[in-house]
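Please model the complete structure; the sequences and the hints are all you need to start from.
Residues per chain are reported as follows:
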Amino acid sequence: MVTLKTMGQSQRLLIIPPFLWLGVMFLLPTLLVLAIALSSTRVGMPPYEPLFTWDGAMLSINLNFENFQFVLRDGLYAHVYLTSLKVAAISTLLTLMIAYPLAYGISCCKRPWRSGLVFLVIVPFWSSLLIRVYAWMAILSNDGLLNSLLLGLGLIDRPLQILNTQTAVYIGIVYTYLPFMVLPIYSNLADRDRSLIEAARDLGCGRFSSFWRVTFPLSLSGIVAGCALVFIPVVGEFVVPDLLGGADTQMIGRTIWVEFFNNRDWPVAASVTVLLVLLLVIPITLLQSRLSKMRV
Amino acid sequence: MSQSQGPSWFNRLSIVLVMSFLYLPILILIVFSFNKSKLVTVWGGFSTQWYGAALSNAALLDGARVSFFVAAVSATVATALGLLAALVMVRIRRFRGRQVFIGLLAAPMVMPEVVLGVSMLLMFVALGIDRGPLTITLAHATFTMCFAAVVLQSRLAELDPSLEEAARDLGCPPATAFMKVALPNIVPGFASAWLLSFTLSLDDLVISSFTTGPGASTLPMKIYSQIKFGVTPEINAVSTMILGVVALGLLIAAWTTRGSEAALQGH
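The listed protein sequences correspond, in order, to chains S and U. Per the numbering used here, the very first residue in the first sequence carries number 1; after that it's consecutive. Per the numbering used here, the very first residue in the second sequence carries number 1; after that it's consecutive.
There could be a bad hint or two in this list.
Stated by the list, open to error - In silico SDA-like links for lysine to any residue, alpha-carbon gap of 25 angstroms or less:
1. U:Lys36 <-> S:Asn142
2. U:Lys228 <-> S:Tyr170
3. S:Lys110 <-> U:Gly6
4. S:Lys110 <-> U:Leu17
5. U:Lys228 <-> S:Asn164
6. U:Lys38 <-> S:Pro159
7. U:Lys228 <-> S:Asn142
8. U:Lys228 <-> U:Ala58
Derived from the structure by calculation, the hints contain no laboratory data.
Below you can see the structure in the form of structure tokens.
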């Protein structure tokens, strides 16, 4: 009998196109960033010196670590990295605090309701990030809806400055990344073994303490996956801090953008990018291991 | 002993509150796109004038044309590559470099967009490729193929292998068995993979900005350069139209998957 597990040799050729595509379009560019981070600036296009030179007889390899040293020594870059990590950590925590009750609430609903509610959580993810951030600009600006509402109610006598502050960045990030947190937590909670809770309740545990001592610890793997899914992209986020943040929210994604488009010192910008990826290696491996466990 | 008792008042409250948080800003944006007044916070009566203004804005229309072209072509390429990648993941259990392949397929989904954009910009420059709609399309196909692969992979994994095995036992060559038996069964997967790739491409600002050249701007790039200067009712109208297109796509996706979903779940 033929089984699909024993595929013919010819079908192994299927591997080639996607492997080649990812190799050329993802792996090669990533290695190139590292290479350019180790080269020197020059005037012209491309604005960097080649790493290898061959004069017919001698191969010279020029690795320039000056860019990395510059980025690591310069207090400004250190500050930007720290701000990015801080904003990402705080907004991940805030997202968790809002996403968990929602994921838990959905998982407590009757089955037919659940898929509809999950669908409602995913829909905003399909609509443009730019538009969702823009919607908040209209709400948070000095003459925006929130301020008009608060002024109208007499709660404040002068508009609050929210747009272009870190508060606005937190609101924007929590808003745009909420689905990434809700989905893994929900899928974990939906699969939970309800007999454990019943056992805890039968043994005299209250509603809250049976949640806190049984359900919550068992949902930790969903929480870790959700936190990694939010934290990793937020560290390098550009759109939200650029449109909602102000001078106090210099994040690394924006710095890389400005370096490439305005300063044109590509080797330094490439070094900044390499260091960003290095910062994310630990959370990415954590996420990979969680996701591979969840699939099994 | 208490059986599953349904949502408590706390569950209901958290669902209502967080859902309002998710949908109120979008709702406000849509409502104010029909505002007569130029001020975005004062209601001046119902009007569709901003839709007219947006639809006669040449820069926005040009951006929309580039965006739709890039999204359609890159989504098609991404779905094809995603299918191959999904087949490799599901059907070829063991091969040298499988771990590398899995890593390569997952990495573009978690990498910050800025990093993807920068690395592809550097490659296009190093290879001396002129940047424009074509390079944006190549870049978009690269990151959306990973999402397409995830969607198609879950479809392929749900497929009953005995059907295809039966076809091959009856003398069908492997490729024909796949084309005639497996492929028709994952058509809804194709639809959702293509639509997901299409919307991801349509939404993208960062990767497009890095991989484009002079003259070619996508719709998000045009919108971005306008909203840097503040909120305008015209952009509200454009946003509402984009939301409408996305909602329509989602409805089609839900409609095409409904039948097969019910069949797969069996309840």
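For a C-alpha distance cap of 25 angstroms, please report whether Lys110 of chain S and Gly6 of chain U respect it.
With a Cα-Cα distance of about 6 angstroms, the restraint between Lys110 of chain S and Gly6 of chain U holds, given a limit of 25 angstroms.
If you draw a straight line from the CA of Lys228 of chain U to the CA of Tyr170 of chain S, is it 25 angstroms or shorter? Measuring from Cα to Cα gives roughly 19 angstroms; hence the hint holds.
**Q.** Hinted pair Lys228 of chain U and Asn164 of chain S, Cα distance within 25 angstroms
**A.** holds (12 angstroms)
Q. Given the hint that Lys110 of chain S pairs with Leu17 of chain U, does the C-alpha gap stay at or below 25 angstroms?
A. Between Lys110 of chain S and Leu17 of chain U the Cα gap is close to 19 angstroms, so the pair holds against 25 angstroms.
ask   = Does Lys228 of chain U pair with Ala58 of chain U here, judged by a C-alpha cut-off of 25 angstroms?
value = holds (19 angstroms)
Check the hint pairing Lys38 of chain U with Pro159 of chain S against an upper bound of 25 angstroms on the C-alpha distance.
holds (20 angstroms)
Within a Cα-Cα threshold of 25 angstroms, do Lys36 of chain U and Asn142 of chain S meet the stated pairing? holds (21 angstroms)
message = Check the hint pairing Lys228 of chain U with Asn142 of chain S against an upper bound of 25 angstroms on the C-alpha distance.
response = Given that 25 angstroms is the threshold and the Cα spacing comes to 15 angstroms, the pair holds.
Consistency with the previously given hints is maintained throughout, with no hint failing.
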